[in-house]
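Q: Residue numbers (my numbering), protein chains in the order written: chain A, 1 to 110; chain B, 1 to 113.
The set of hints was computed from the structure by calculation and includes no laboratory data.
By construction, the Cβ of each residue, glycine as well, lies at the ideal position given by its N, Cα and C atoms.
Warning: the hint list may mix true and false statements.
[Unchecked claim] Quick list of in silico lysine-lysine cross-link-like pairs, DSS-like style, CA-CA up to 25 Å:
hint: 1; chain 1: B; residue 1: Lys100; chain 2: A; residue 2: Lys57
hint: 2; chain 1: A; residue 1: Lys69; chain 2: B; residue 2: Lys100
hint: 3; chain 1: A; residue 1: Lys58; chain 2: A; residue 2: Lys42
hint: 4; chain 1: B; residue 1: Lys100; chain 2: A; residue 2: Lys42
hint: 5; chain 1: A; residue 1: Lys59; chain 2: A; residue 2: Lys102
hint: 6; chain 1: A; residue 1: Lys42; chain 2: A; residue 2: Lys69
hint: 7; chain 1: A; residue 1: Lys102; chain 2: B; residue 2: Lys9
hint: 8; chain 1: B; residue 1: Lys100; chain 2: A; residue 2: Lys58
hint: 9; chain 1: B; residue 1: Lys9; chain 2: A; residue 2: Lys42
[Said to hold, decoys possible] Distance windows between CB atoms, simulated:
hint: 10; chain 1: A; residue 1: Ser96; chain 2: B; residue 2: Asp38; range: 19 to 27 Å
hint: 11; chain 1: A; residue 1: Gln14; chain 2: B; residue 2: Ser69; range: 16 to 24 Å
hint: 12; chain 1: A; residue 1: Ser85; chain 2: B; residue 2: Asp38; range: 16 to 24 Å
hint: 13; chain 1: A; residue 1: Glu83; chain 2: B; residue 2: Ile54; range: 36 to 44 Å
hint: 14; chain 1: B; residue 1: Ser84; chain 2: A; residue 2: Glu83; range: 18 to 26 Å
hint: 15; chain 1: A; residue 1: Glu15; chain 2: B; residue 2: Arg77; range: 42 to 50 Å
hint: 16; chain 1: A; residue 1: Ser27; chain 2: B; residue 2: Lys100; range: 17 to 25 Å
hint: 17; chain 1: A; residue 1: Asn3; chain 2: B; residue 2: Gly53; range: 28 to 36 Å
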Amino acid sequence: ILNVEQSPQSLHVQEGDSTNFTCSFPSSNFYALHWYRWETAKSPEALFVMTLNGDEKKKGRISATLNTKEGYSYLYIKGSQPEDSATYLCAPWWYSTLTFGKGTMLLVSP
Amino acid sequence: NAGVTQTPKFQVLKTGQSMTLQCAQDMNHEYMSWYRQDPGMGLRLIHYSVGAGITDQGEVPNGYNVSRSTTEDFPLRLLSAAPSQTSVYFCASTTGTGGKEQFFGPGTRLTVL
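Produce the entire structure from the sequences given, and follow the hints as far as they go.
A: Have a look at this one:
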């Protein structure tokens with residue numbers, strides 16, 4: 001079983017704060033790293049799929065970086081809004097499947 | 001496109017009953033997977049398939065069976081339901097070899113009494 005660690009487990013910030021989360025994964029046999037956003041009572045939705053070491057992707061106020069040699073990825077949210085409240089999941093692609101971390105639960109208060 | 005569809009949305013079973021959770025996708029995706037979501041455990045892989053006729057076990061396969069007779073459908077069978085199988089079940093599909101996003105169905109909430 002692939003060990004995928006996400007930190008922190010949960011985070012409570014005020015509207016306008018910037019925040020970041022970490023995803024750690026084994027660096028051997030790396031192929032791709034996925035980030036998903038999961039709102040309560042909904043299904044996970046893809047944010048980014050990253051494959052190259054040093055890759056940086058951005059979607060609006062959310063961005064992510066990838067270090068495949070040391071096995072970690074950061075997700076950044078700039079100027080958090082209440083609608084950013086969700087659980088953020090990372091998952092490396094490994095042997096034809098995604099293995100998900102337990103996620104970081106973000107709550108943004110107005 | 002309907003994307004990934006799952007039926008039923010909710011189900012209550014008694015211990016020992018069997019049932020099939022249905023999953024279908026209309027995107028011609030080769031890869032399909034079943035996950036269960038439990039509090040504090042995240043999403044855990046039950047079974048997956050890399051194409052019609054090919055299935056394999058994930059992290060928590062015990063008590064579940066799958067088959068993949070067509071590209072579109074990937075049903076999950078509970079052989080003899082147990083209270084430990086109370087969970088929310090998600091089906092997902094993707095194309096390619098990990099470099100493309102995975103699409104999730106809306107989920108099935110199962111309660112086993």
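Q: Given the hint of 16 to 24 Å, is the C-beta distance from Gln14/A to Ser69/B inside that range or not?
A: Taking Cβ atoms as reference, Gln14/A and Ser69/B lie about 52 Å apart, which means the hint is violated.
Q: Just to be careful, I want the Cα atoms of Lys100/B and Lys42/A compared with a cutoff of 25 Å; is the pair within it?
A: holds (21 Å)
Q: Verify the proposed pairing of Lys42/A with Lys69/A, using a straight-line Cα cut of 25 Å.
A: Cα-Cα ~34 Å, so violated.
Q: Could one say that the CB atoms of Ser27/A and Lys100/B fall in the range 17 to 25 Å?
A: holds (22 Å)
Q: Is the hinted range of 36 to 44 Å satisfied by the C-beta distance from Glu83/A to Ile54/B?
A: holds (40 Å)
Q: Take a look at whether the Cβ-Cβ distance between Ser96/A and Asp38/B falls inside 19 to 27 Å.
A: Roughly 23 Å apart at Cβ, these two residues keep to the hinted range, so it holds.
Q: Lys100/B and Lys57/A: Cα distance at most 25 Å?
A: Holds. Lys100/B to Lys57/A sits at ~14 Å (cutoff 25 Å).
Q: Are Lys69/A and Lys100/B close enough, with their CA atoms no more than 25 Å apart?
A: holds (21 Å)
Q: Starting from the hint 28 to 36 Å, judge whether the C-beta atoms of Asn3/A and Gly53/B obey it.
A: holds (31 Å)
Q: For the pair supplied as a hint, Lys59/A and Lys102/A, is the alpha-carbon distance within the 25 Å limit?
A: Holds: Lys59/A and Lys102/A sit about 23 Å apart, inside 25 Å.
Q: State, for the Cβ atoms of Ser84/B and Glu83/A, whether the hinted interval 18 to 26 Å holds or is violated.
A: violated (35 Å)
Q: Regarding the pair Lys9/B and Lys42/A, is the alpha-carbon distance no greater than 25 Å?
A: holds (12 Å)
In summary, the structure is inconsistent with hints 6, 11 and 14 from the numbered list given earlier, while agreeing with the others.
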